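Chemist: Please model the entire structure based on the sequences and the hints provided.
Line order of the protein sequences matches chains H and S. Its first residue numbered 1, the first sequence is counted upward by one per residue in this note's numbering. Its first residue numbered 1001, the second sequence is counted upward by one per residue in this note's numbering.
To be clear, the hints were calculated from the coordinates, so they are not data collected in a lab. Hints are supplied without guarantee of correctness; some may be wrong.
[As the list claims (entries may be wrong)] In silico DMTMM-like cross-links for lysine to aspartate or glutamate, where the CA-CA straight-line distance does not exceed 20 Å:
no., chain 1, residue 1, chain 2, residue 2
1, H, 168, S, 1107
2, S, 1106, S, 1034
3, H, 167, S, 1107
4, S, 1152, S, 1034
The structure presented is a predicted model; accordingly, all values stated were derived computationally and were not measured.
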Amino acid sequence: MTNEVLARPEAHEGPGGAELTRAHRAQAAPAVEPVVGNVTLWQLFRVFFVLGITSFGGGVVAYLRQALVVKQRWMDDETFLSGLELSQTLPGLNATNMSIYMGERLRGLPGAIVALVGMCLPGTVIVMALGMLYASQARSPEMVMVLGGVGAAAVGLTLATSLQIGKKQLANPLDLGLVVLTFVVIGVFRVSLVAALLAIGPLGIWLHRPRKAVAEDGGGAAE
Amino acid sequence: MNLLALLWVFGLLSVLAVGGGTAVLPEMKALVVDQHHWLTSDQFGQIYSLGQLSPGPNMLMVSVIGYRVAGSAGAAAALLGFLLPAGLIMFFCGRVWDRFEDSPWKEAVQRGLAPLTIGLMLAGAWVLAKTVILGPSTAAIAVAVTAILLAKHVNPALLIFGGGIVGYLLGR
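Modeler: See the structure below:
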């Protein structure tokens, strides 16, 4: 199971991963026992800094698990996956939310700050350096062509990731309806995101509200 | 004034980013390009690409937007605005999260918000596509990357850099 988490980071990147994470929780939890000791703030910073500089292409969550659960053994899978579910449900980037959650678990508020800074510092410095280069070369056709190709590849990456983590939602008629509604409202009609979240969020939660004697997969709600 | 506007715009985007960075791309473009005219659509797409080329979270590219609006202070304002509000929510919810471990509503919230998140991510991909796909070769790159990623497991970073190389060779 460990290998699958690492091999398919995208499976863990979104809310659709909730089912998967439950499976992992059952099967992967006994595999690695955490060695709880005194993690210093400096150690915490170093680990997150290395993650911030080595994680490319959106798979930060897989790198996080490898470093904190498997290598450093600072927390168990149970705690990690619980934090991942929360990170995906709350607003904010998965990587920064996870850094804050893990830093808080290990060293409280200072830990959360140190983990967040470590995660973001390298990328910020590098993207700012690229930004300066971009500003000085913005009119060069070569620069425009390279960035155009990167942007087009990013479209493919975003689309593939959405389809992969949304596999379960896209297969369920009720969820598919909510996906299409959200896409049309935001992507086509450009309704404000605040309004869309306030309307569609509670609707989705209500449709999945806890009920007695309804099949676990929520299929009952589709009828 | 620009600093306050940056803080407000990115702070708002921060608390709206349910489902991560891609989910707020349409709203970010609407605010940054259409409403405040800080960037053109082309520049927005190009700065997003810079984020893809950098390690760590892609959305750290908001610092570059802030920098173009108001220099170093602008970069700090955009970054703090984008990271702090959601970070504070995460920090405080993380502390009480375990108490809801067995609540049936926890499941309802996760399952109910999941389709919303997928819809927002697809809308993000759509808006990004309209921004950066400007001709046959960029369209071909996007289709090829999607197909490769759906067919087999490849490190996405390789495809991102590959897209840059192909873009350089073929143009738009």
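Chemist: Run every hint past the structure and note whether it holds.
Modeler: Cross-check of the supplied hints:
no.: 1; hint: 168(H) <-> 1107(S); result: 15 Å, holds
no.: 2; hint: 1106(S) <-> 1034(S); result: 37 Å, violated
no.: 3; hint: 167(H) <-> 1107(S); result: 18 Å, holds
no.: 4; hint: 1152(S) <-> 1034(S); result: 38 Å, violated
In terms of the numbered hints stated before, the structure departs from hints 2, 4, listed from lowest to highest.
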